[in-house]
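Engineer: As a plain string of letters, each chain reads:
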Amino acid sequence: MKSFFNPVWILTEKEFRVEFRSRVAINGLLMFVLVSVALIAFSVGYVKLSPPVFFGLMWLSLFFSAMYGLSRTFVAETDQGTADFLRQLAKPSQIFLAKFLFNFLLSNGIILVLTLVFVFFFDPPGVNWFFLISGFFLGATALASCTTFLASLVAQADSKGALFPVLSFPLIIPLIMTLVSWTHKCTLENPGGLLWEPFSVLIAYIGITLTASLILFDFIWD
Amino acid sequence: MEIYLVAGILGIIWASLFFYLKRLEARVSELENEGKESHE
Amino acid sequence: MKPVSSAFQWFTGIWIFLIVISGMLLPIPYIPILKETARNIYFHVPQSFAMVFILCFSFWNSFQYLRKRDLRFDMKAESAASVGMLFGITTIVTGAVWADYTWGVFWNWDPKQTLFLGLLFVYGAYFVLRLSVDDPQKRALLGAAYNLFAFVMMPFLVFILPRLLPGLHPGAPEDGGANNPVFTGINLLIRVMLYSSVLGFCMLAYWLYTIRTRLLILKSKF
Chain A
1 MKSFFNPVWI LTEKEFRVEF RSRVAINGLL MFVLVSVALI AFSVGYVKLS PPVFFGLMWL
61 SLFFSAMYGL SRTFVAETDQ GTADFLRQLA KPSQIFLAKF LFNFLLSNGI ILVLTLVFVF
121 FFDPPGVNWF FLISGFFLGA TALASCTTFL ASLVAQADSK GALFPVLSFP LIIPLIMTLV
181 SWTHKCTLEN PGGLLWEPFS VLIAYIGITL TASLILFDFI WD
Chain P
223 MEIYLVAGIL GIIWASLFFY LKRLEARVSE LENEGKESHE
Chain B
263 MKPVSSAFQW FTGIWIFLIV ISGMLLPIPY IPILKETARN IYFHVPQSFA MVFILCFSFW
323 NSFQYLRKRD LRFDMKAESA ASVGMLFGIT TIVTGAVWAD YTWGVFWNWD PKQTLFLGLL
383 FVYGAYFVLR LSVDDPQKRA LLGAAYNLFA FVMMPFLVFI LPRLLPGLHP GAPEDGGANN
443 PVFTGINLLI RVMLYSSVLG FCMLAYWLYT IRTRLLILKS KF
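Chains as they are written, first to last, in the working numbering: chain A, 1 to 222; chain P, 223 to 262; chain B, 263 to 484.
Since the hints were made in silico from the structure, they are not lab data. Hints are supplied without guarantee of correctness; some may be wrong.
[Stated by the list, open to error] Keeping only pairs whose Cα atoms sit at most 27 Å apart, straight-line, the calculated DSSO-like set for lysine-lysine is:
1) Lys91(A) with Lys481(B)
2) Lys483(B) with Lys258(P)
3) Lys264(B) with Lys244(P)
4) Lys483(B) with Lys91(A)
5) Lys481(B) with Lys244(P)
6) Lys14(A) with Lys91(A)
7) Lys330(B) with Lys244(P)
8) Lys258(P) with Lys297(B)
9) Lys330(B) with Lys258(P)
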């Protein structure tokens with residue numbers, strides 16, 4: 001088991017090193033998050049937002065930032081032609097898991113920054129913060145597990161354009177609906193028992209997307 | 223009374239669609255045969 | 263691809279003709295909100311069944327393509343997906359007209375309606391992905407992978423979430439037959455008619471699928 005996961009850690013570390021070496025990607029992403037929140041603040045900042053609107057806007061800016069950040073998953077391989085080296089170094093499933101792990105950390109980072117900026121700019125509604133943040137964590141995980149595989153498809157297409165959002169949005173519609181119902185329940189008095197349903201949907205979503213991606217990635221990555 | 227009219231109209235629409243499909247089917251078969259002959 | 267026999271075609275034609283006529287003329291139980299529009303159940307519901315039925319062919323052929331790498335399977339998968347799209351669009355249109363008469367507007371943002379639209383977006387994305395790859399083998403590979411990935415997510419869109427979120431369609435929670443009582447007191451006649459109609463539309467979908475596949479195969483030769 002140790003020998004299977006060793007390359008995964010090494011590749012994840014490599015991903016971080018590549019991203020932070022160029023800096024432009026990370027800083028661009030940070031600016032994207034700030035600009036999108038500022039845009040919302042300029043347009044609706046002067047009204048007191050009701051919880052559904054607050055979280056709706058928050059999920060919206062999260063998904064757009066994530067689309068921007070996660071679409072870069074396999075760009076380095078296709079741009080610099082390093083895919084063959086990766087093939088030599090590790091099995092497809094290891095490469096996929098490393099990419100997934102990186103995307104998982106990235107989307108959690110985006111959500112962390114976004115939450116802080118949102119709380120700073122807007123007056124947040126009273127919620128159960130423990131359940132809300134665990135919902136964010138699950139949502140970011142589900143987002144990463146769904147889009148990592150799609151990014152590998154897009155990386156191989158000839159004309160990329162808006163392909164990544166086009167492919168991912170329909171598949172994350174169920175995710176958005178579940179998360180919106182989750183955050184809505186977090187504004188209630190005692191949400192613990194009510195969250196069981198969206199929780200099981202999210203876990204099933206993560207499980208199914210990860211399994212399907214791991215199986216299909218073997219075919220794509222030849 | 224209107225329901226007979228609706229049934230009639232829908233029936234006619236479906237019948238014309240059906241015959242259009244029959245013609246399409248025949249045309250595709252024809253093209254397939256042509257392809258076979260020219261191949262030989 | 264083997265064409266369907268002439269007997270099959272005539273049987274389908276006469277069967278659906280009989281469904282149309284008897285669906286309109288046979289007595290239907292009086293249901294408060296639906297009234298005579300309840301007859302749409304013989305057209306709206308079977309079309310969505312036919313869509314799922316033909317998308318199973320698309321799934322199966324994509325799977326076969328990944329195993330055997332034969333482009334004919336890819337053409338079958340593509341044509342099945344396009345026939346599925348066609349039935350999806352007719353389902354949406356018949357549903358929207360029905361919704362206008364019973365729920366007041368064409369589009370209610372009912373979860374089932376929204377998620378069904380999401381399903382159409384998935385297959386729209388499938389065609390966009392196919393257009394953005396030039397090499398036929400690669401196009402087939404990426405298309406098949408996306409098709410399989412999307413198909414395993416279909417349960418979320420069609421079966422799981424509509425039953426968890428409150429909505430207007432039958433089967434939604436907190437409904438209790440108030441919005442759409444047609445399924446609560448369903449009688450034998452409606453049941454038999456509904457299943458016969460499902461059979462008819464599935465046969466029609468299969469017929470369209472064979473024609474479309476043969477056309478695609480012809481196109482690839484010239």
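Engineer: With reference to the structure, classify each hint as holding or not holding.
Structural biologist: These are the hints, each one checked on the structure:
1. Lys91(A) with Lys481(B): 39 Å, violated
2. Lys483(B) with Lys258(P): Satisfied, since the Cα-Cα distance of roughly 11 Å is no more than 27 Å.
3. Lys264(B) with Lys244(P): Given that 27 Å is the threshold and the Cα spacing comes to 16 Å, the pair holds.
4. Lys483(B) with Lys91(A): 38 Å, violated
5. Lys481(B) with Lys244(P): 20 Å, holds
6. Lys14(A) with Lys91(A): The hint holds at about 16 Å.
7. Lys330(B) with Lys244(P): 33 Å, violated
8. Lys258(P) with Lys297(B): 55 Å, violated
9. Lys330(B) with Lys258(P): Distance ~25 Å between Lys330(B) and Lys258(P) Cα, so the pair holds.
The structure is inconsistent with the numbered hints 1, 4, 7 and 8, although it conforms to all the rest.
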